[in-house]
Structures are given as structure tokens and as C-alpha cells.
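**Q** Now for the letters of each chain:
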Amino acid sequence: MEIKLKNLTKVFQSKKEEETVAVDNLDIVIPSGQLTGLLGPSGCGKSTTLYMISGLLRPTQGEIYFGDENVTPVPPEERGIGLVFQNYALYPHMTVRQNIMFPLENVKMDKQESLEKAQEIADLVGIGHLMNRKPKQLSGGQQQRVAIARALVKSPRVLLLDEPLSNLDARLRLQTREEIKRIQRDTGITTIFVTHDQEEAMSISDEIVVLREGVTQQVGRPQEVYNNPGNLFVAKFLGTPPINIFDGEVKDGRLMIGDADIAKKDIDDREVTIGIRPEGFKMVERSKFKAEVDLVETIGRDTTLIIKHPNDETQTFRAIVDADYGVEPGDTVKFNVKPHKMHIFDKETGEVL
Amino acid sequence: MLEDQSNVKAWFYLLPALILLGIFIFFPIFNAFFLVFVDEYNYMQGTYEGFTLINNFRYVVTDHNFRVAMTNTMLLTFVSVPVSVIIALLISVWLNAIKRLQGFFQTIFFLPYVTNAIAIGMAFAFMFHVRFGLINWFLGIFGISPINWVNTGASWGTAIFALLVYVTWLGLAFKIMVFLSGLQGIDKQYYDAARVDSASRSRVFRRITVPLLSPMIMYITVTSFIGAFKAYTEVIGMFGERLGPPGNDRAVITVVALVYRSLDRSGVPGALSEAAAASLILFGVTLVFTMVNMQVSKKRVHY
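If you read the protein sequences in the order shown, they are chains A and B. According to this note's numbering, the first sequence holds residues 1 to 353 in order. According to this note's numbering, the second sequence holds residues 1001 to 1303 in order.
Keep in mind that the hints were calculated from the coordinates and are not lab data. One or more hints might be untrue.
[Claimed, not checked] Pairwise CB distance ranges (calculated):
id	chain 1	residue 1	chain 2	residue 2	range
1	A	13	B	1287	50 to 58 Å
2	A	113	B	1201	33 to 41 Å
3	B	1223	A	137	42 to 50 Å
4	B	1134	A	78	42 to 50 Å
5	B	1134	A	86	27 to 35 Å
6	A	73	B	1142	41 to 49 Å
7	B	1101	A	73	27 to 35 Å
Here the structure is a predicted model, which is why all the values come from computation and not from measurement. Glycine included, C-beta positions come from ideal geometry on N, C-alpha and C.
This is chain B alone, in the form it adopts within the complex (with noise of 0.2 Å):
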């Protein structure tokens, strides 16, 4: 019996998911990956002239528009994540520590992530406007006098600040509230023992809850720097489809929105070819540093 159950029911059940998985996930990574190996596909007849190996590579490399855009994602990816992770373990600690309210300042935190990421990009590109931004008003207290963050002229360095400001907020939500469970299931009896070992806070903090929340904080870093290099709707909220500061067109591009932006191109013979290139590269990328990342895993994360 235990060997011998016939699993065509499992199969069935698994059938509907099995489907929509093909169509709409392995489908297209089957065709990208045949797409990048093809020239001058032409997405209206489907035709093409011939198999190359590199061309479509190539191309894309020495695009100014993708290295832009992959300058930004890099920038993006390493300084949102490393940034939110930290100040979402700070901020979780010190919810967890405190016993009224909590649930109050739980919700709080929680709330932007069951809000449109669109609608809370707009509203940070409104505080950062140059005229009437929240932040500029505040910077106005300590006499500076306004900074065109991201409004007409305003210029890539900028606007890709706002920009990370905006995602690495964007982010913490989420965190706080996976280290909050994660916190929450450490025994208190750790932090007493510490207490009787006169251990400081901050020694008990580095000493005794990193380690003890080294998966949660390992699977936030590896799942944040997944999300990070797909970086788009979050430009898309902030700057609109013109991926920039009005005057400044496509300054804060991302690799994922140069793939989609080459859509509007798709009736030119290679466009896709290029859009499939440079998502594979993107591919290779994260694959290479969600390795790095559990290699360090192995040996940074007490389970």
C-alpha cells in the first residue's frame, strides 16, 4: 500500500495549476531563452535570419539605456536592501519591546503594505516636490533653501535618492512584520539568562537576537534582493511611464522596465531579442547573488 497508491489523482489535482504555470511561467522562459539565440526576430510574423550566440548579448552590453538601467538596479538593489533590512530589524526590536500600543504601531507600520505601491509612489514624488513637498518645507527649517528632487530639470542624482528613499520605505513593512513573528518566537528566557550574564543591549542585540533571527533576517535579504533587481513598478509609481524627472526621461530606469519599455518597439526586428538578453543577464545576476547569499548562510545562520 505504501509503495503501490497509483498518484493519477495528485497529478489531476496538481493539473489546473499545472497549466497556468506553463502557459504563463515556463512558456516564456523556454521562448526567452530562444529568443536571445535568434536575429532580427520579427514578433508580428514570427520570423527570423538565423541563430546567433552573442549578437543579441552584445548589443545590449554596449546599450547606453542598459547600462544606465543596470547601474540603477545595482544601486537600487545594494543600497534599499541592506538599508531596510537594518532599520526594519531596529524598528521590530523596539516594537517588540514595548508593551503598550503595540498592536497600534504594528498596524501602522503594516499599512503600507496593503497599499497601492503606485498610490504611495505618488505621494512621495508629491512630498518630494520642489515647491510644495514635505521635505523640502522641513529642510526650509534649517534654512536650506529647496532642492529639485524630482520635478522638471531635476537631475539623476536626485531623483534616484527620492527614488530610494521611496523603496527602501516601501520596504520595511513586510520585514517588520516577518521579524516581528520571528521575534516574538524567542524564548524570553535567552534574554533573561543575558540579563543575569550583565550582558549590554546592544551586546545582547548583536550577541543573542541576530543569530537567534539569522533565518528570518536570511530569507528577508534573499527574498529583498530577488524583488530589488526586478525593480519597477516602484519607478513607475514615483516618475510615471516617463521613468524620470520630466526633462530628464529615462534617469532612473530599471532593467525590468528597459525590458517592458522595449515592447513599444516590438515591431522592430530584434527588439525582443535585446529585452530577452537583458532580462537573462538580469537572471544571471540574481542567480549569482542568491548563491553568494546562501553560501553565506551556511555559515551566518544558526538554525
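Bound-form chain A, shown alone (with noise of 0.2 Å):
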């Protein structure tokens, strides 16, 4: 089920008439049978998004397209879709089976025909033996699991997850991530989910929506994005470690940082924002990209490299190295700059050059 936003806008009133736009003129498509994550900031009107979808948030403006099948007057009960809540949102007074089952007595499905239904789901997920069970004796895993069968029972055309993992331990989250993934990609449905965590949402999306301020940043698959960030923000928003901003500028077709010259760039002359991913440096004896080395943090297989900042003395950059070069703290470094891991921003506007 493709999912379309049509200028999809919310606006929050609050009680003194002050407005506050959540979400602002969302225009995107959700492809079908994939896994999509809304991805941004807290604030950012990501969740606000999924409740719109869900519909149990009005919209402001705009309209959602399920197919082709206009749903914005559509009320939540009818529209077809299971939802996982932050908080999972288990009735704490009922079992897991009858969690599971809430959904499908709601349609008046054949009791048998429901527990079935319910064991089979529940067996999908990874919780078939904790049937009796009441939610409070569940861990936290399970109890999220538990949420994700009540919204599958009921073959939804859309799985809508509000921040799936963030009541996780960091173990038991990398875990989930892949059993979200799995259980989205048995079942084939159209599933969004909404994150803050840009790890998570690299990992196991197929398709990533970025969201500033209620405005989409952009759109596209995980590594895309990540590859060729649109704007300052998005290239700021992925990645950890997060990429290095410096100020640098473009005279005669050359890109320098100071007085090093980095690359070559065909425009006009003018002052630009250079983002360096970490991985992006590579360490040659001669270059006059070079500064020196505040600490090293070796990691396993990778040695970190933290940098006074040629800018700002006061501030440090990152670059990942292989671990075999000795570098010392106070040694000084020269690097060439990868080009592909290397991105040049509209100084003013942080769009991409």
C-alpha cells in the first residue's frame, strides 16, 4: 500500500492562540511493502506525521492518499492500520493473548478462529510461549513484541511505529532493530516508523524521510542520503561520528581551507561550508592540508584522530585512520581529502554546491 502526503499541514494552537506549525507542507510518497523512517530531531514534527497517518491526529491542510484511496476523512478505527505505540500502550489488565486478540473481537472474529490467529502471530514474533502472561511480567523486548502482534493481528494495510526502540537498552535495541526488520519483511507490509536515532534508522530502513521543523529535508534510500546529503543539515544529521564542518572558500576553480588546497571546483568564486566526513582524510607525507593532533582514541580496528581545528584552534575535527600509523598527540598531521566523502555547502543557505 503506497502511501502518498499531499501538503500535508499541522498546525497547534495552543491556549493563548499562539500557533505553532508542527508540520509544514509535507509533500512526500511512502513506497509500498518497504520499510520507511521518518527521521529528525525531536521537535521535528516526525510523530506528528505518523499520528496524522494514523489518524488520530487531524491534519491542518493537505491530504493522505492509502493507494488511491483519499483516508484524511477517515477515522482511525476504519483506516486499516496497527500501531506501536512509544509506550506499547498493552492493556495492563489483560494476558498477551488477550491483548492480541482485542483487535480481532473488535471485528467480531470467530473466537477459534481468532486464537489461531493470535498464537500465529504471537509465534511470528517471537513471544507464542508468554501467551498467559500479563504485560508488567514481560521485559521490556517482549513487551514491544507483544505491541507489534496486537498491531499485526489484524493484517493492517499500514504498520505505523512511533519511536520503536527508544525504551530498549542499548543491547536489546540492536536486537529488536533486526527483529523489526525481519518481521516487516515477512509479513511484506507497508510499515513507517519514526526515530530520532539516525543509527537506527540507517540500519534497517529501505527508505529514509529526514524532517526539519515540520519540512522535509529529503527523501531517499539510507546510503543515498548519506552519500549525498542535500543540504548542511542532513550531512550534519547522519553519521557518528558526525561529519566536520569548515569554513572554506573557492578561488580560481580551487577549493581551500586556508591556505591548503583541497580539491578542485568548477564555480564562482565565493566563501562556501566544507563537510569532511571522518572517513574522508587520508594521511599523506606531503600536503598543505595539515594540523595537529590533540588525542588519539584507538577503538579496535579503527584509531580515531582528534584534530585542532585548522579554523579555531580552540575547537577539534575527527578523522578515522587505520590503526597501523603511529601518531602521537602534538605530532602533525597531513591529509589529502577523499572527494566522494567530501560535500560543499551554500555558506548562507546550507544548500549543497
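Two chains, two frames, some hints: make the complex.
**A** Structure representation (C-alpha cells):
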């Protein structure tokens, strides 16, 4: 089920008549049968968008299409969606089985059939042996699977997940995100999930939508967006450690940081912002792009150099290099920059050049 | 330090309360147990003629007045409590759902709680007045001729009905307040989840609201049962010291009213022992029902 959002806008009005635009003219297409991540910092309108797709929030303007059907006026109970809440919202007084069967009872499915269906879906998410427990007797990860099972059991057209991993500890998070990916693949259901964690979104999404202050920044496959950020915000938001930012300029077709000539750039002379991924540095014998190493962190196979920033000595930037180099703090290192790991942005607008 | 701390100070702080409780609660309870097992107790002189195990009880249970009082009390309890719990539940769910004027309605529904029960009783008695009452005027709209609810010559049936309406109404205020605060403590997400799961309103109420509110419902039910077993003020409020419509005195007497009335005959040897027996029977009944309630709650209440 392809989902189209057309000029979707949500304005919240406070009691003092102050207006907050949570989602601003969102115009995106979410592909059918794929896992799409809505990604952005808190307050970017991603959850609002999700709840508008679910129908629990009404858009101020714009339309939502499921396939060719305009579902904007359709109430949530008739949209055929499964929704997993951030804190799961499992009914505490019902057993796992009762929780999963609740949506089926509402559509008056035959008891025996719904029992079988519940068991089937519980087995799919790996909680088939916990059917008689109450939510309180389950771990966070198990509770979440129950919530997913409850959302999936009625075979919804769309599965929506609100920050599905935020309540889990680090280890469980890794495991669960793979699980979500697997369940999505097994069921082939169009799935949208919301997260502020770029790593999470990058790792499991087929497609990501980066949002900022209610405005779409970029849509695309995660690696594509990472490799070709459309603007400075996207470049900064994706990637750990984050991209390094340098002030630079284009002079006579050459890209310069200070007096170091970094690369060729065929545009008019102007000041620019340069973003270089930490993995985009290559240590070389001779280069004018050089700086003093402040700290060296070696974690496993990678060595991260924390280097004094050429624009400002009080700042640092990070370069990930092979552990083979015997670099010590205080050394001066010289770099070349890998062109495909470097992005050049307009200094004013932040748009990629 | 954790264990050896002297608790003299704690006892000292508790002392005033303990003394008062001792004089007005514990002593009367023990005294009641004493009174019920003595024969021909004379209140004025403090004398009695030997002990008896069942004489006082036997006298009470064969007494016509006690039987009337017990019937009335049971009727009041088992009708007014369930009815008012259900009505209060519906009103509070409705109140919780509205956004506008919620505070206004909350205040209106809560007003009876801060108003004197006797005053309300008098108002209700007037509402049920045969000639000037609101009820008969209302029934008149539908062509129903005036009913003598509570005035001279009114029957037990109409009198207890009027009393039931009043007691049920009186109990609403506190219940609504407790339910409303309980409802406001329920996470809204359960309702969103139920909505997405296509649950109808009545199913949401039965499968989600009621179970999640069950600790409150249990608390209200237990305390209301106990309160209703002790009904007295309400009867006085509506019917005054006659405890019934004029000409049908004591028709709607309750057990506690009967116990108090025994004081009128406190000069008669044995009267107080009968009162003690009546109150202990009521105590037993209350205890049994509270235990039944608790037992039911173990299965039905979800904490």
C-alpha cells in the first residue's frame, strides 16, 4: 500500500492562541511494502506526521492517500492501520493473548479463528510461549513484541511504529531493530517508523525521510542520503561520529581551507562551508592541509584522531584512520581528502553546491 | 542505628490520638461485647443479673422492629449502592469526556457532598410532597395523579422508595469525585490504542475503562456498603424523629436508628443489651459482606 502525503500541514494552537506549525506542507510518497523511517531531531514533526497517518490527529491542511484512496476524512478505526506506541500502551489487565486478540474481538472474528490467528502472529514475533503472562511480567523487549503482534494481528494495510526502540537498552535495541526488519520483510507490510536516532534509521530502513521543523529535508535510500546529503542539516544529522565542518572558499576554481588547496571546484569564487566525513581523510607525506593532533583514540580496528581545527584552535575535528599509523598527540599530520566523502555547501543557505 | 532507635518519641506523638480512640472507639466496642452477654443490665445503676450467651440476640431477632429495620437497611444497601455506583460511573465517564464546562459540572456534582445531609433530606422530603412536590408535578405532566410519597398516611413502599432515591443521589457526589480522579489517571494512550483497534465505545468502557478503574470501584463499593449499612442520618433528614411518614411511624427505621432509639428506653433493664446485640449483628453482616467484597476483588480487580 503506497502512502502519499499531499501538502500535509499540522498547526497546533495553544490556549493563548499561539500557533505552532508542527508539520509544514509535507509532500512525500512512501513506497509500498517497504520499511520507511521518519527521521529528525525532537520537535521536527515526525511523530505528528505518524499520528496524522494513523488518523488520531487531524491534519490542518492537506491530504493522505492510501493507494488511490483519500483517507483524510476516514477515522482511525476504519483506516486499517496497526500502531505501536512509544510506550506500547499494552492493556495492563489483559494477558498477552487477550491483548493480541482484542482487535480481533472488535471486528467480531470467530473465537477459535482469532485464537489461532493470535497464536500464529505471536509465534511470528517470537512470544508464542508467553501468551498467559500479563504485560507487567514481561521485559521491555517482550512487551514491544506483544505491541507489534497486537498491531499486526488484524492484518493492517499499514504498520506504524512510534520510536519503537527508545524504551529498550542498548543491547536489546540492536537485536530488536533486526527483529523489526525481519518481521517487516516476512509480512511484506508497508511500515513507517519514527525515530530521532539516525543510526537506527540508517540500519533498518529501506527508505528514510529526514525532517526538520516540519519540513522535508531529503528522501531516499539511507546510504544514498548519507553519500549525497542535500544540505548541511542532513549532512550533519546523519553519521556517527558526525561530519566535520570547515569554513572554506572557492578561489580560481580551487577549493581552499585556509591556504590549503583541497580540490578542484568549478564554480564562481565564493565562501563555502565544507563538510568532510571522519572517514574521508587520507594521511599523506606532503600536503598543505595539516594540523596538530590533540588526542588519539584507538577502538578496535580504528584509530580516531582528534585534531585541532584549522579554522579555530579551540575546536577539534575527528578523522578515522587505520590503526597502523603511529600517531602521537602533538604530532602534525597532513591529509588529502577523499572527494566522495566531502560535501560543499552554500555558506548562507546550507544547500549543497 | 537502624534497629536500636528508641521509639518512645513515636509513642508520645501517638498518645493523644490513642487516648481519644480508646475512650470513644475501643472502650465502646469492648463495652458492647460486655453488654450483649449480660442479663437485665440497668444503665442507671450499672447492675446486671448474671450472664447469658444468646438471650439478647434471641430477643432482638424475634423483635418486629428489628426485622423491619434489618429489611430496610438491606434494601437501602443493596439497591442504593449498586445503583449509585453505576450512575456515578456513567456520569464521571461522561464528565471526563467533555472539555467545555467540565469544571462547572464538576462543581455542581460535588456540591451535595459539602451540603448538610439533613438539609438535603428536608429538601427531598419537600420534593416528594403530595401537593407541592416537584415529583408529583412532573408526574402530572404525563397525566399521573398525585402519589402520597411521604406525607400523612403514606405507605412503607412509597416512603422507602423516596428514601432510596435520596440516598442514591446523596452518594453520587463522592463517588463521582473518586471515579473522575481515577479516570484522569488512566493513560490516554490506552484509548488511542483501542480506537486504532476499532473498539466500540461500549467495549472500550467494559474492557478498558472499568478494569482500569476497578481499584477505585472496589474501594467505593466497600466503603459505600459499610456506609449504607450504617444509614441513619438520611432517615432523620427525610422523615425526622418519626422515622417514617406521619401515621406510619418507624416504617423506614434502620438498624442504626433502632440502636439509637433504644436510648429512649435506657431506663428499662436490658434495653441497652438489646441495642448492643442489634449493633453486633449489623457488625457481623458488614464484616461478612466486606470479606465477600474483598474476595471478589481478588479476582476482578486489576491493580
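**Q** Please go over all the hints and tell whether each is borne out by the structure.
**A** Evaluated hints:
1. Separation of residue 13/A from residue 1287/B is about 56 Å and conforms to the stated range, judged on CB atoms against 50 to 58 Å.
2. Take residue 113/A and residue 1201/B: their Cβ atoms lie about 25 Å apart, and the range 33 to 41 Å is violated.
3. Separation of residue 1223/B from residue 137/A is about 31 Å and departs from the stated range, judged on CB atoms against 42 to 50 Å.
4. As the Cβ distance of residue 1134/B to residue 78/A is approximately 46 Å, the hint placing it in 42 to 50 Å holds.
5. Restraint check, residue 1134/B to residue 86/A: a C-beta distance of roughly 53 Å breaks the suggested window 27 to 35 Å.
6. In this structure the hint that residue 73/A and residue 1142/B lie 41 to 49 Å apart at CB holds, the actual value being about 43 Å.
7. The given range of 27 to 35 Å is respected by residue 1101/B and residue 73/A, whose C-beta atoms sit roughly 28 Å from each other.
Against the hints set out earlier in the document, violations occur for numbers 2, 3 and 5.
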